[in-house]
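Protein chains in written order, with the working numbering: chain A, 15 to 122; chain B, 199 to 311.
Fair warning: there could be bad hints in the mix.
[Stated by the list, open to error] List of simulated lysine-lysine pairs, BS3-like, C-alpha gap at most 30 Å:
hint, chain 1, residue 1, chain 2, residue 2
1, A, K69, A, K82
2, A, K109, B, K276
3, B, K266, A, K109
4, A, K68, A, K109
5, B, K222, A, K109
6, A, K82, A, K67
7, A, K82, A, K68
8, B, K276, B, K222
9, A, K82, A, K109
FYI, nobody ran anything at the bench for these hints, they're computed from the structure.
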Amino acid sequence: KNEVEQSPQNLTAQEGEFITINCSYSVGISALHWLQQHPGGGIVSLFMLSSGKKKHGRLIATINIQEKHSSLHITASHPRDSAVYICAVNFGNEKLTFGTGTRLTIIP
Amino acid sequence: DAGVIQSPRHEVTEMGQEVTLRCKPISGHNSLFWYRQTMMRGLELLIYFNNNVPIDDSGMPEDRFSAKMPNASFSTLKIQPSEPRDSAVYFCASNPGIFYGYTFGSGTRLTVV
Chain A
15 KNEVEQSPQN LTAQEGEFIT INCSYSVGIS ALHWLQQHPG GGIVSLFMLS SGKKKHGRLI
75 ATINIQEKHS SLHITASHPR DSAVYICAVN FGNEKLTFGT GTRLTIIP
Chain B
199 DAGVIQSPRH EVTEMGQEVT LRCKPISGHN SLFWYRQTMM RGLELLIYFN NNVPIDDSGM
259 PEDRFSAKMP NASFSTLKIQ PSEPRDSAVY FCASNPGIFY GYTFGSGTRL TVV
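Isolated chain A, as found in the complex (with noise of 0.2 Å):
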């Protein structure tokens, strides 16, 4: 079965920590993604990765295929990075299969 998970699920940490998400995923994947959702609010895609590492100013994600994980890394985290991120996967085609995401929040 084609399965994304993702730790922790929620994060609570102190403004300027560095924060890793964690994206494991069941079987071998076209590409991975990397979303943030505002609470209330829309949609906006970070990353698409399919090996290696990108970086997007203090956001950093990388991947392991030969593990079947990726990370997501926030440097000198901020309250705006409060938010949920969600990690999703094409697994050979255009569908997407979403984690569950994980829920952070920074305080000042």
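Here the structure of chain A is known, so what remains is to put chain B in place on it, guided by the hints.
Using the frame of chain A, we list chain B on its own:
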């Protein structure tokens, strides 16, 4: 570009009524997706189109749901008759094709009472 445009933003309707949600994808994007988000089930794909043709509708919950894409710039998701369990946020997304990122609309929050 204005992004993916969905309307209405909010819809409150009575059980049994017909509901139509609308989506305008980004110009030039070949694929369009309808997703539903609920607290219990998270995000789920309902249906997606490629070049206006429905490719996979296996996520459409039952015959009460239907979706059309009459041209490259417009799609509708219709629920008839609506039920309280259809209450959710419905997102439309588009992308230029496989191996590209997705652009999501702002969503339609549907409440069926």
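Verification of the hints:
no.: 1; hint: A:K69 x A:K82; result: holds, 20 Å
no.: 2; hint: A:K109 x B:K276; result: holds, 21 Å
no.: 3; hint: B:K266 x A:K109; result: holds, 18 Å
no.: 4; hint: A:K68 x A:K109; result: holds, 22 Å
no.: 5; hint: B:K222 x A:K109; result: holds, 19 Å
no.: 6; hint: A:K82 x A:K67; result: holds, 14 Å
no.: 7; hint: A:K82 x A:K68; result: holds, 17 Å
no.: 8; hint: B:K276 x B:K222; result: holds, 15 Å
no.: 9; hint: A:K82 x A:K109; result: holds, 18 Å
Violated hints are absent here; each numbered hint is respected by the structure.
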